[in-house]
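Using the sequences and the hints, build the whole thing.
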Amino acid sequence: MRKKECSEEVKQLIKDGRKKFVRVDEGAILYSMGVHTFRKLADEARAVYHIKKTVLINTKIIDEYLEHFRDEI
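If you're matching positions, the sequence shown starts at 0 in numbering that gives the first Met the number 0 and goes up one per residue.
Hints are supplied without guarantee of correctness; some may be wrong.
What the hints assert, rightly or not - With a straight-line cut-off of 20 Å between C-alpha atoms, the simulated SDA-like cross-links for lysine to any residue are:
| hint | residue 1 | residue 2 |
| --- | --- | --- |
| 1 | Lys18 | Arg69 |
| 2 | Lys39 | Asp15 |
| 3 | Lys18 | Phe68 |
| 4 | Lys52 | Asp24 |
| 5 | Lys19 | Ser31 |
| 6 | Lys59 | Leu29 |
| 7 | Lys14 | Asn57 |
| 8 | Lys14 | Lys52 |
| 9 | Lys39 | Ile61 |
| 10 | Lys10 | Lys52 |
| 11 | Lys39 | Glu7 |
Claimed, not checked - Simulated restraints, written as ranges between beta carbons of each label pair:
| hint | residue 1 | residue 2 | range |
| --- | --- | --- | --- |
| 12 | Lys10 | Thr36 | 18 to 24 Å |
| 13 | Lys52 | Glu7 | 24 to 30 Å |
| 14 | Arg69 | Ser6 | 14 to 20 Å |
| 15 | His49 | Arg69 | 27 to 33 Å |
Bear in mind the hints are in silico, worked out from the structure with no lab data behind them. Each residue gets a CB set at the ideal place from its N, CA and C atoms; glycine is no exception.
As structure tokens, this is what we get:
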């Protein structure tokens, strides 16, 4: 089974701040981690939004949550 990849266009939109929400598989690729690890991190950060049957993750909240760990070191 081949892993999905985010297009460079999507990565650029996120980097520019024009795309704030990603799906779980896009976020896992973007943050270089597995899908389950990314979903667990998003749950801990309280960055998960359920809209009907779609799950979206707020990348700004994830970034802030990760920066919190940097300050602890």
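Hint numbers not upheld by this structure, sorted from lowest to highest | Hint check: 1, 2, 3, 8, 10, 11, 14 fail, others pass.
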